[in-house]
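My numbering puts the last residue of the sequence shown at 1031; the count rises by one with no breaks.
Incorrect hints may have been included.
[To be verified] Ranges between beta-carbon positions, derived for each pair: (1) K1016 / D821: 35 to 41 Å; (2) K869 / P917: 18 to 24 Å; (3) K738 / R903: 19 to 25 Å; (4) K1001 / D784: 42 to 48 Å; (5) T926 / P743: 39 to 45 Å; (6) G733 / E797: 45 to 51 Å; (7) D985 / Y767: 39 to 45 Å; (8) E791 / M727: 21 to 27 Å; (9) E791 / R737: 27 to 33 Å; (10) A890 / R737: 48 to 54 Å; (11) Q742 / K1016: 41 to 47 Å; (12) G853 / K929: 28 to 34 Å; (13) S939 / G781: 43 to 49 Å; (14) D784 / R889: 39 to 45 Å.
[What the hints assert, rightly or not] For lysine to aspartate or glutamate, the following EDC-like pairs were computed, each having C-alpha atoms within a straight-line distance of at most 20 Å: (15) K982 / D918; (16) K738 / E760; (17) K869 / D985; (18) K897 / E813; (19) K1024 / E879; (20) K904 / D918; (21) K748 / E813; (22) K748 / E760; (23) K977 / D918; (24) K965 / E1006; (25) K748 / E868; (26) K977 / D932; (27) K1016 / D918; (28) K751 / E868; (29) K897 / D821; (30) K904 / E875; (31) K869 / D823; (32) K751 / D775; (33) K731 / D969; (34) K904 / D969; (35) K1016 / E875; (36) K751 / E867; (37) K751 / D821; (38) K738 / D784; (39) K904 / E879; (40) K923 / E960.
Since the hints were derived computationally from the structure, they do not count as laboratory data.
Every residue, glycine too, gets a C-beta built ideally from N, C-alpha and C.
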Amino acid sequence: MLFRKNGNRWRKVFYQPGYPGKCRKINTLNGQSELLCLGTYMNQGYGSDSLVHFGLTDHGLSTIETLYSGESDEGVLNSKQKNTFVESWQLNDIDQDGHMDVILFANQSGRGVKKITYLYRNGSFVGTSYQNSSDRGNDTEEKTFYLNENGIEITVRYPSFVRAGQPFLLKVMMRNRKAAAVMGGVTLSFPDFRRMKTKTVQKTFDSVKGYASASKLYSSITRSTISSRYFVLEGWENKWPYDQSRSFLEKLTAPKGLDRLRINLRGVLLIGRHKRKRMEIVSPVNSNRKDQQGYDVKQIFIPVR
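Build the full structure now, drawing on both the sequences and the hints.
Encoded structure:
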């Protein structure tokens, strides 16, 4: 269902009953959201399913392409037990280009499971490999951490697990839902590392910087600079308008010798033109953890294999 805000009221623009089924959001090259949806139909023992790529128009959803169609008649009397249904599908940035690709597993009756990989290319998905597969342990799904508190909305997308010594992508987005700010940013810190090798793949923040240990950082406790103990990654924006979002996509390398990667997360906005009247808006406001700069943080854990 699609709603559009007109002034202070929301108006229903589009409603699609039943199909397209279970959907997952993806972000396109221009930053607009689109959907991948798996819809299933069953009648008189015959079933079909389709994984469809939908785009958003002014009037609702529009089909861009059908990635995969499967069918089964195994419920029909004297059938040939045909079964190519989708068993599962995952989103994963396979080629590390900052856009989610698709890994799909189709159940082939009597012939095992077929794995199909679709890479996102110039607004559409291209099937690149077809193979029978019984081992799906190397494919990771994307997870999302969401924090919406005190007018600061933060979303972090990361893999469900990482492999030791291997690169992975971390996407961080922050939206200012408080008021126009003179500056603000999102801060990630890594308590287990004095320094980390990172690379910014994409950004809409004014700057994205990493700070190794012994860097001079501001402390909310002492109200002065301190010498940092562990690595910090920060996206920072000047003159941040209300209801606008900023993001960065960072390439990191998974650690060796640890069973999980710990990441502290927080956001801040500075509101008010005059320094004496300027307010510091933080998110989260209260938590059971603080970072080395004395701010309350939420913590993300990514398993390392």
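Right, here's what the structure says about each hint:
{"no.": "1", "hint": "K1016 / D821: 35 to 41 Å", "in the structure": "holds (38 Å)"}
{"no.": "2", "hint": "K869 / P917: 18 to 24 Å", "in the structure": "holds (20 Å)"}
{"no.": "3", "hint": "K738 / R903: 19 to 25 Å", "in the structure": "holds (23 Å)"}
{"no.": "4", "hint": "K1001 / D784: 42 to 48 Å", "in the structure": "holds (44 Å)"}
{"no.": "5", "hint": "T926 / P743: 39 to 45 Å", "in the structure": "holds (43 Å)"}
{"no.": "6", "hint": "G733 / E797: 45 to 51 Å", "in the structure": "holds (47 Å)"}
{"no.": "7", "hint": "D985 / Y767: 39 to 45 Å", "in the structure": "holds (43 Å)"}
{"no.": "8", "hint": "E791 / M727: 21 to 27 Å", "in the structure": "holds (22 Å)"}
{"no.": "9", "hint": "E791 / R737: 27 to 33 Å", "in the structure": "holds (29 Å)"}
{"no.": "10", "hint": "A890 / R737: 48 to 54 Å", "in the structure": "holds (51 Å)"}
{"no.": "11", "hint": "Q742 / K1016: 41 to 47 Å", "in the structure": "holds (46 Å)"}
{"no.": "12", "hint": "G853 / K929: 28 to 34 Å", "in the structure": "holds (31 Å)"}
{"no.": "13", "hint": "S939 / G781: 43 to 49 Å", "in the structure": "holds (46 Å)"}
{"no.": "14", "hint": "D784 / R889: 39 to 45 Å", "in the structure": "holds (43 Å)"}
{"no.": "15", "hint": "K982 / D918", "in the structure": "holds (11 Å)"}
{"no.": "16", "hint": "K738 / E760", "in the structure": "holds (18 Å)"}
{"no.": "17", "hint": "K869 / D985", "in the structure": "holds (18 Å)"}
{"no.": "18", "hint": "K897 / E813", "in the structure": "violated (28 Å)"}
{"no.": "19", "hint": "K1024 / E879", "in the structure": "holds (13 Å)"}
{"no.": "20", "hint": "K904 / D918", "in the structure": "violated (32 Å)"}
{"no.": "21", "hint": "K748 / E813", "in the structure": "holds (13 Å)"}
{"no.": "22", "hint": "K748 / E760", "in the structure": "holds (13 Å)"}
{"no.": "23", "hint": "K977 / D918", "in the structure": "holds (18 Å)"}
{"no.": "24", "hint": "K965 / E1006", "in the structure": "holds (14 Å)"}
{"no.": "25", "hint": "K748 / E868", "in the structure": "holds (16 Å)"}
{"no.": "26", "hint": "K977 / D932", "in the structure": "holds (18 Å)"}
{"no.": "27", "hint": "K1016 / D918", "in the structure": "holds (15 Å)"}
{"no.": "28", "hint": "K751 / E868", "in the structure": "holds (11 Å)"}
{"no.": "29", "hint": "K897 / D821", "in the structure": "holds (15 Å)"}
{"no.": "30", "hint": "K904 / E875", "in the structure": "holds (10 Å)"}
{"no.": "31", "hint": "K869 / D823", "in the structure": "holds (17 Å)"}
{"no.": "32", "hint": "K751 / D775", "in the structure": "holds (19 Å)"}
{"no.": "33", "hint": "K731 / D969", "in the structure": "holds (14 Å)"}
{"no.": "34", "hint": "K904 / D969", "in the structure": "holds (8 Å)"}
{"no.": "35", "hint": "K1016 / E875", "in the structure": "holds (16 Å)"}
{"no.": "36", "hint": "K751 / E867", "in the structure": "holds (13 Å)"}
{"no.": "37", "hint": "K751 / D821", "in the structure": "holds (19 Å)"}
{"no.": "38", "hint": "K738 / D784", "in the structure": "holds (12 Å)"}
{"no.": "39", "hint": "K904 / E879", "in the structure": "holds (9 Å)"}
{"no.": "40", "hint": "K923 / E960", "in the structure": "holds (14 Å)"}
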